[in-house]
Amino acid sequence: AQSVTQPDIHITVSEGASLELRCNYSYGATPYLFWYVQSPGQGLQLLLKYFSGDTLVQGIKGFEAEFKRSQSSFNLRKPSVHWSDAAEYFCAVGTGGSQGNLIFGKGTKLSVKP
Amino acid sequence: GAGVSQTPSNKVTEKGKYVELRCDPISGHTALYWYRQSLGQGPEFLIYFQGTGAADDSGLPNDRFFAVRPEGSVSTLKIQRTERGDSAVYLCASSPDSNSLNEQFFGPGTRLTVL
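Going down the list, the protein sequences come from chains S and H. 1 is the number of the first residue of the first sequence in this note's numbering; add one for each residue after it. 1001 is the number of the first residue of the second sequence in this note's numbering; add one for each residue after it.
So that you can see chain S by itself, here it is in the shape it has in the complex (with noise of 0.2 Å):
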């Protein structure tokens, strides 16, 4: 079956530090993977998506992530982190065709100190 693996639960980053998100997935397939972002009172919102060819993607607001099929990871980063960018992040995964449900990971809550 598929499934999500993040497995920081809460990350702490200094303003202007890097920041690396951890994603790993199991699935038999070639997977599509989705990074998603929930702010505080707001819907989950789609940084970016991998679905084939370069295994570098980028995203909205400065997020890239790479696809790594050797260890079944998809890794969420950004050079600088600003103080908007704390909330929660969720690592998904898609069965892929014509049935387009997700599978998420249990996320991980980014606080961002000044």
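Be a bit skeptical, because a hint or two may be false.
To be verified - Partial pick of chain H residues on the chain S-facing surface, computed with a CB cut under 7 Å:
| id | residue |
| --- | --- |
| 1 | Phe1045 |
| 2 | Glu1103 |
| 3 | Phe1106 |
| 4 | Gly1107 |
| 5 | Pro1108 |
Hints are computed from structural coordinates only; laboratory data are not their basis. Note that beta-carbon positions come from the ideal geometry of N, C-alpha and C, so glycine has one too.
Use these hints to put chain H onto chain S, whose structure you have.
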């Protein structure tokens, strides 16, 4: 344009009662998804519609949960004989169609509390 809206934003009910949660998708989106997010967890898939029909309801936890989308637009998630374990945020998302390549646009959710 308008995004996905969900009403009510908060619902408090007593154990054993019936509740309905409403989702208004983005106009023209044919795919609609319901997820449930418990405290400290990621969203968990419940059911999705392509048009009026439920294409996959494998995530519904039991027969107390039911959802409809009679005209292919607004959807209602119905929970009978609510239990305390049903307390969660119920999220709705819509997409142009159910193809996995399409982004799902999420609403702000309905927070259900069962006392």
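Hint check:
The beta carbon of Phe1045 (chain H) comes within 4 Å of a beta carbon in chain S, closer than 7 Å, and the hint placing it at the interface holds. Contact between Glu1103 (chain H) and chain S, as hinted, is supported at the beta carbon level, the nearest pair being about 5 Å apart and thus within 7 Å. About 4 Å separates the beta-carbon of Phe1106 (chain H) from the nearest beta-carbon of chain S, less than 7 Å, and the hint is met. Satisfaction of the interface hint for Gly1107 (chain H) is found here, the shortest Cβ-Cβ separation to chain S being roughly 5 Å, below the 7 Å cut-off.
Because the beta carbon of Pro1108 (chain H) sits about 5 Å from the nearest beta carbon in chain S, less than 7 Å, this interface hint is met.
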